[in-house]
Amino acid sequence: MNSQLGIIGSPHHLLGLDGISVDRLHALLRRAQVFAAGEESPNALAGVAVCTLFFEPSTRTRLSFQLAAQRLGAHILNFDASTSSATKGETDLDTFRTIQAMGVRGFVVRHKADGAVAALAAEAAPGVAVVNAGDGRSEHPTQGLLDMLTLRQAKGEDFSRLKVVIVGDVKHSRVARSDLHALRTLGCSEIRVCGPASLLPDAGTLAGCAVTDDFDAALDGVDAVMMLRLQRERMAEGLVASLDEYHRDYGLTSARLRRAAPEAIVMHPGPMNRGVEITDEVADGSRSRILDQVANGVAVRMAVLEAVLGR
Amino acid sequence: MNSQLGIIGSPHHLLGLDGISVDRLHALLRRAQVFAAGEESPNALAGVAVCTLFFEPSTRTRLSFQLAAQRLGAHILNFDASTSSATKGETDLDTFRTIQAMGVRGFVVRHKADGAVAALAAEAAPGVAVVNAGDGRSEHPTQGLLDMLTLRQAKGEDFSRLKVVIVGDVKHSRVARSDLHALRTLGCSEIRVCGPASLLPDAGTLAGCAVTDDFDAALDGVDAVMMLRLQRERMAEGLVASLDEYHRDYGLTSARLRRAAPEAIVMHPGPMNRGVEITDEVADGSRSRILDQVANGVAVRMAVLEAVLGR
Amino acid sequence: MNSQLGIIGSPHHLLGLDGISVDRLHALLRRAQVFAAGEESPNALAGVAVCTLFFEPSTRTRLSFQLAAQRLGAHILNFDASTSSATKGETDLDTFRTIQAMGVRGFVVRHKADGAVAALAAEAAPGVAVVNAGDGRSEHPTQGLLDMLTLRQAKGEDFSRLKVVIVGDVKHSRVARSDLHALRTLGCSEIRVCGPASLLPDAGTLAGCAVTDDFDAALDGVDAVMMLRLQRERMAEGLVASLDEYHRDYGLTSARLRRAAPEAIVMHPGPMNRGVEITDEVADGSRSRILDQVANGVAVRMAVLEAVLGR
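Chains as they are written, first to last, in the numbering used here: chain F, 1326 to 1636; chain V, 1326 to 1636; chain Z, 1326 to 1636.
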């Protein structure tokens, strides 16, 4: 059953959405929808110890996984490996193996280096599952899943006529990469990517996407606008001239949103920079599905934890 | 049922003791007394997720709420919003809404700004309850309640012949403000406030109190001495000349305590500055109810969480 | 029943292995072996609140106790008293008494000062148990127990023909001290201690041990090699010339390990400095019991918590 979830080569882990089969993706989303609707199996993971092992801090994602694990009856432990005293210079792999030896069966791992989560998963003992909670710029698969669940709730299961635009700093975004993998797998008919050239990734990442730096044009007739957070450090790096200019060119306003389809929804992975990539009016408006995304995050993580750790 | 607890305008929250009805206050104290006596209903909040959301750190208060929530069977989550990386510059309201969207039903919120907790509560979704764990200098209602429970255990339910003195930095104390509201509501016959003029609040806060800077006089015949913590920063601010001088004028010693009524009790919200506002002899003496206060804190928080979150 | 565990004078605590009776030691190890084998009594501590009270941070030890407490059904709270804001200058004893007053019945305490844990235990209320999770250079009794359990699993219950060497910074090691007490109590026939003179403790600590600074000689025919972590600060203190030199003289390599008995096992309390006191080949080799030690840590802590807190 667990192998239903599996990425090739790692049937007990969820390391990314790249290469996940369409059947597996739909199965996870259907199960997450059951949890989102309030039906829970509260003891699926009773007595199972799950550890959030974060080499890069993220309170919000950790909290969401924590709630998901608790609702399934798991014991949850938090290990913030980003504080130096926690590991005293031991290798990441030794930290992982040590906690694994304590009897922890599920690991929710975040790391700033691309591929670091997969590297740990490759060393996992039999019966131990690793879920990627974000690695470098590569993948954030549960964010990708919750975005798909949110799209599915608003637009239905069939993505074949959906027009979606992803806007902003795609280059540095693991969220965007996971979204792109998932949208392609689900057969989304038109994926647009919009942002300044300095924030666009390589051609491989953009395969199959319509790319533009013209936000107005990119919005035309889309069913969903997926905004990305602008990290302040992009300014220091010289990739963005100023917040004002970024807002002028890539900030989602109510006026701009009118270019999208009448029932278009707005998404954002949070935390938001209000007044930069999104205005209050849009963030809090009727089109916004931003809080649905947060709610779906818990449901998706329940589905994932159950799939990789359940009997 | 929940409305039994309610402050006007916020039936599902506990934001302060200002304006709480005497009936509601007594009901909460009676229920807390049941918990204090060891009778628990361990599953009253089974499966309910409660989050301590602290924009200002306080390990001790957080721990007390955590124990209260656990004993009621709730899932407890801790979010320390005082560390910058936790929120990445998002607004407090977005942080609150995000955690709420995850399915958290109870919030225990501390904030350094007056009114900030009420502002979040005003945005709470239906069925979500907010408990003020201290905001600015305004209120710390569960501390007020535990102080009243401690008084009630020592002196009985009828406060109409009670003489109480509150001593120290009333100006900056949310504890004192909540205590004053509760003492007035419960009909305490004589409320004295004592401290140097530099640490006394405005006249409104002191309404109905006998105010003096003479500690010896203030102690005369009182049934309870409620000491306040002296924050070290009051010296840097020039509000207190020195710790020695403060101790000489406002430190509670055994000798001074003899001025109080024979069965007078001593209270302190902790953490204590031993040798400053209170001597070891008094803190650890037979009149001290300081550890009872701590124990009552858990009982009171159980009663509050049950009242705002229970069915 | 609790007195089965007892150190003289503190029947409800586990403060150290110095003075523990051989019967009590065996009883704890037998019970831990039951837990290590996967047999648990998940509700032995149902509803009991256990607090990790760490005046010196240690994520790894805290996590192990946390897992042990959770598996016994306890409520677990973490109090990191090493961060200044947590205690606002109150005394350690007031912090302890405050948490005790909240109804916490079990304390797992770490402190950088020798004897500080025992000092708190001396003030514990009836029915409250204190477990030493490491104090100064004195004792780390659960580490000593898990080391004995690991030896017992590999070499059998009878320690009377066992040859063991402890290698490295014995002077500053509470782990080594607890190990020495336990090995003597269990009747280990030959205890060798090896390290540079600058890292050897006083003669009392070394009573009954064969002491040498020649690692090769010390390894000759031993059944177990217990390596210690080299703290980097020993260099700054001038006690060790360089990591390279330390590795040359006291690093455990595969070549050196051949001097030990054919079935000799290798132990290390972690976290390891790979390439300093131990090579990758040995740490990850077939003789290594380092991850077994970690697994045994949870089992031993379950046995200890059950013994001091169970009915």
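In case anyone wonders, no lab produced these hints; they're calculated from the structure. There's no promise every hint is true.
Just so you know, same-sequence chains aren't split out, so a pair can sit in one copy or run between any two.
SDA-like mimics (lysine to any residue), calculated; alpha carbons at most 20 Å apart, straight line [claimed, not checked]: (1) Lys1413 <-> Arg1462; (2) Lys1413 <-> Pro1382; (3) Lys1496 <-> Glu1415; (4) Lys1496 <-> Ala1580; (5) Lys1413 <-> Glu1562; (6) Lys1413 <-> Gly1600; (7) Lys1413 <-> Lys1437; (8) Lys1480 <-> Ala1441; (9) Lys1437 <-> Pro1521; (10) Lys1480 <-> Pro1382; (11) Lys1413 <-> Leu1568; (12) Lys1437 <-> Arg1477; (13) Lys1496 <-> Arg1486; (14) Lys1413 <-> Thr1604.
Now the hints, each set against the structure:
Taking identical chains as interchangeable, the C-alpha atoms of Lys1413 and Arg1462 lie at most 20 Å apart only when they sit on different chains, with a minimum of 18 Å there against 26 Å within one chain. For the identical chains of this complex, Lys1413 and Pro1382 are neighbours both inside a copy (17 Å) and across copies (11 Å), given an alpha-carbon limit of 20 Å. Taking the shortest alpha-carbon separations for Lys1496 and Glu1415, neither the intra-copy value of 31 Å nor the inter-copy value of 22 Å comes in at or below 20 Å. Taking the closest pair of Cα atoms, Lys1496 and Ala1580 never come within 20 Å of each other, the shortest separation being 26 Å inside a single copy and 49 Å across copies.
Within a single copy, Lys1413 and Glu1562 get their C-alpha atoms only as close as 31 Å, which misses the 20 Å cut-off; across copies the closest is 18 Å, which meets it. Taking CA atoms no more than 20 Å apart as the test, Lys1413 paired with Gly1600 passes between copies only; the shortest distance there is 15 Å, against 41 Å inside one copy. For a Cα distance limit of 20 Å, the shortest separation of Lys1413 from Lys1437 qualifies both inside one copy, at 18 Å, and across copies, at 16 Å. For the homomeric pair Lys1480 and Ala1441, neither the shortest alpha-carbon distance inside one copy (35 Å) nor that between copies (38 Å) is at most 20 Å.
Proximity of Lys1437 and Pro1521 under a CA criterion of 20 Å is satisfied in neither setting, with 24 Å inside one chain copy and 40 Å between copies. Taking identical chains as interchangeable, the C-alpha atoms of Lys1480 and Pro1382 are never at most 20 Å apart, the minima being 33 Å within one chain and 43 Å between chains. In the homo-oligomer, the alpha carbons of Lys1413 and Leu1568 lie at most 20 Å apart only across protomers (16 Å), although the nearest pairing inside one protomer, at 39 Å, exceeds that limit. Within a single copy, Lys1437 and Arg1477 get their C-alpha atoms no closer than 30 Å, and across copies no closer than 41 Å, so neither meets the 20 Å cut-off.
In this homomeric assembly, Lys1496 and Arg1486 never come within 20 Å of each other (Cα to Cα): the closest approach is 26 Å inside a single copy and 64 Å across copies. When the C-alpha separation of Lys1413 and Thr1604 is checked against a cutoff of 20 Å, the pair qualifies only between copies, where the shortest distance is 17 Å, while the shortest distance within a copy is 43 Å.
Hint compliance for this structure: hints 3, 4, 8, 9, 10, 12 and 13 are broken, all remaining hints hold.
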